[in-house]
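With the hints as a guide, bring both chains together as one complex.
Single-letter residue listing:
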Amino acid sequence: MEQIPKYLLSTVIAMLLCFTSYNNFAVAGDGPDEVEIDSLAQLYEPVYFDHAMHEEITDSNCAVCHHHTLGTEPEDENCRRCHAESGATDEVSCQGCHAGNRFEADYLNKIDADNTLYHRDKVGLKAAYHIRCMNCHEEMDVANGCQDCHARTDAGDKFFHAGNYAPPKSDKPAGGGH
Amino acid sequence: MKAMNRRKFLKGSLLGGAAASVIGKSKNAEASATFGGYPDAMGVLVDLTRCVGCRSCEAACNKEQGLPAPAQAFDDLSLLDHKRRTSEGAYTVVNRYEIPGQDHPLFRKIQCNHCNEPACLTSCFVNAYTKTPEGAVIYDPTVCVGCRTCMVACPFYIPAYSYSSVLNPVIKKCIFCYDTRLKFGRPPACVEACPREVLTFGKRNDLIKIGHQRIQMYPDLYEDHIYGENEVGGTSWMYLSSAPFDQVGFDTDLGTQPILSYVKEFLTVVPMVLTIWPALFAGFHLLATRKDAQKKEEQSEK
Chain A
1 MEQIPKYLLS TVIAMLLCFT SYNNFAVAGD GPDEVEIDSL AQLYEPVYFD
51 HAMHEEITDS NCAVCHHHTL GTEPEDENCR RCHAESGATD EVSCQGCHAG
101 NRFEADYLNK IDADNTLYHR DKVGLKAAYH IRCMNCHEEM DVANGCQDCH
151 ARTDAGDKFF HAGNYAPPKS DKPAGGGH
Chain B
1 MKAMNRRKFL KGSLLGGAAA SVIGKSKNAE ASATFGGYPD AMGVLVDLTR
51 CVGCRSCEAA CNKEQGLPAP AQAFDDLSLL DHKRRTSEGA YTVVNRYEIP
101 GQDHPLFRKI QCNHCNEPAC LTSCFVNAYT KTPEGAVIYD PTVCVGCRTC
151 MVACPFYIPA YSYSSVLNPV IKKCIFCYDT RLKFGRPPAC VEACPREVLT
201 FGKRNDLIKI GHQRIQMYPD LYEDHIYGEN EVGGTSWMYL SSAPFDQVGF
251 DTDLGTQPIL SYVKEFLTVV PMVLTIWPAL FAGFHLLATR KDAQKKEEQS
301 EK
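Chains A and B, in that order, give the protein sequences. All letters in the first sequence, in the order written, are residues 1 to 178 by the numbering used here. All letters in the second sequence, in the order written, are residues 1 to 302 by the numbering used here.
Bound-form chain B, shown alone (with noise of 0.2 Å):
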């Protein structure tokens, strides 16, 4: 009799148990559900294997974007002996990488990779920034208050700030030439100007098969990874590389949840800390002082 009541007890125990993991489990898929971006949304792979740095790029996006003339020329390849950010004057810029045991540098190309799920999106407290259905992380400057929030929460480190803007600073990043290019169907200015074709447009789904064909056709070159497939949850900008990510610049550590999601839980609770929460508790301690006010009340009436 103890015996069958032990096992009864420990069957439903573990019944339990395992209905509690698999609620448990749909909970979690369904908090790490991630929209995966518009269907018909464009993008770029970039294939650092034929970048040789020649910086047309960088050329082409000053012209097309209207910034401030360079401090050197686009022809001086002197400066990729240093490593370079994006700034309020450069939104795309080329680096160089020495690959151990490999001849050759490796150049890599960096912009906004316009995420699917994009963190500066999530952090904006004005809604300054867009997602369009193009695939474009795009933002309005004119309810840009300034206060950098999209620069730290963006894990590639890509939104800069008009520092030299005294009276108005906002932020300036890459809109995939959104105004001007890809709301047309057309390609930006970078992937135009790239002589050799380093840059890929296309519909983000196709690039995504055009690169695993090139892995697949040449699995001595590649390495077998698309960088942005996954990555916080998908970029637009995807990049092939011949040597391991990491060694050309590339966080590999950012996982596949958008940043979004890292936040989610603990955003939802932020509301109801502010408003159920003083609620609550003013009741509690109305109803835990009751019996003291009423005895105050029968005293001032003695």
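The shape of chain A in the complex, shown without the other chains (with noise of 0.2 Å):
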């Protein structure tokens, strides 16, 4: 099988020029106004988010997606116990902290080999974007399914057997036995 998505690092790292070494609270309009992730690209177009936008929906509160790395005190409890006061982080961006190759070896041996590391259960890069984004979207019941986001690809209308690879039309019941 091919390579489902390697990612392909390019999101936008705009938020981290608006930093200087005295600028340790970041400011909502820091940020980019739109970041384009692409990490899918092979299956799906890909997602130009609108940073302005979601800045205004959280009304400016970064922890909300970016937990405590903007010097924000974090919204999960957990989270609190450690990160109440850590202040600011150099890195912001979501792949700064959040893996692509979650589960290769490398990766994996890496946290294996440290003992002290906390955060083990740490998701990757697809799972940080679909967990936060898909959670908030069904909390403010708005679009959440696969393509109100991402259109697919020919590629992945391929892989999942849909549009003009659809399989036809039967009139045998769905669903397979033994």
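If you're looking for bench data, these hints aren't it; they were derived computationally from the structure. This list has only true hints and no planted wrong ones.
Simulated crosslink set (BS3-like; lysine-lysine; CA at most 27 Å straight-line):
{"no.": "1", "chain 1": "A", "residue 1": "LYS158", "chain 2": "B", "residue 2": "LYS63"}
{"no.": "2", "chain 1": "B", "residue 1": "LYS63", "chain 2": "B", "residue 2": "LYS183"}
{"no.": "3", "chain 1": "B", "residue 1": "LYS183", "chain 2": "A", "residue 2": "LYS110"}
Written out as structure tokens, the structure reads:
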């Protein structure tokens, strides 16, 4: 099987440029207006994430998505135990912390070798996007289907046996038996 | 004198009883000692709280294993309206469960759970099955004679049969993508395709720790149980759920003993019955009838 999405990481990192060493707290509006997410580029068209719009929706509470990394207090009480006042970090983009190669041997071995690591169960980049985006979309009761965010490519249609590759309609009851 | 004797007698019988029970126990403990799995075996932790039933894992499995084209597209979610089982054309399927008292259904992916001590393996009389040190339960279709004993043995009803094949029907099931991925240290195709990391791939021992950590951090969300940690001696694929496991289609009565342990004692007797008993009873018979035979001989001599 050909590789399912290798993470060709090309998310816009303009947010980093806005930082100076004196500026420990990020201010809403410092972030990029739009982020192109194309890590699933083989099966889906890129997502153009309207960062500016989401800043408005979250009332400029960066912690909703960025946890504690912008110096804001994280929402999850489990995170607050350590990160209530841990300050801003150098890395604020999703891919800065959430690995694109979450289940590759390199990554697993690295975690395995580090006994002191607390965040051993940190989801990979793809799951970070989908869990964050979809859980919120469900809460807000807005579009939440796969193709509401990213249209499938031709390769994606083939993968799902859908669109031009859809199986012919049959009267047979769906589902399999033994 | 009499009282002393009785006391001694009671004491002795108590001691004897205790000794017998200790011996009995240690014998039992030995019988129930399980293999417990290879130390570095990989596994997958399935977190039902994350699954939205998108069926990407089914599509990925179909492609990776070169399975026949499905009757309906993989983005057709109407299939979730009824419960499905694994089949020769689908080594993994997702089912939906409405949970009483919850607004949202739960989705459960099923596939081979890759037991530490697989019942299919122990039931197979041609030794087609192998539990690899990486954790996969694989099988050699070239030696499979199609007897389907493993289908009966599997506590999870997983192995399917290629009924469509007229000449050489064999068993078909998930092999943890062993040939193409697992043996090279890569995760199975379904894991890689899952958008929400419902499926966490890693060393089985680590996954158990991760599972308990999730339960500990979010005790209101999760049931305090990892299905597969101990069921039937432990499985490589394990589950976390926010609903009681029997409400999401799990058999919660399987116990923690490998299926093998239920039949081990019986099976060890089989060779004895087949080899020693005939000779033994033939001997008894000859001994018992020896006098008759002698008499007959004497009579015929006369």
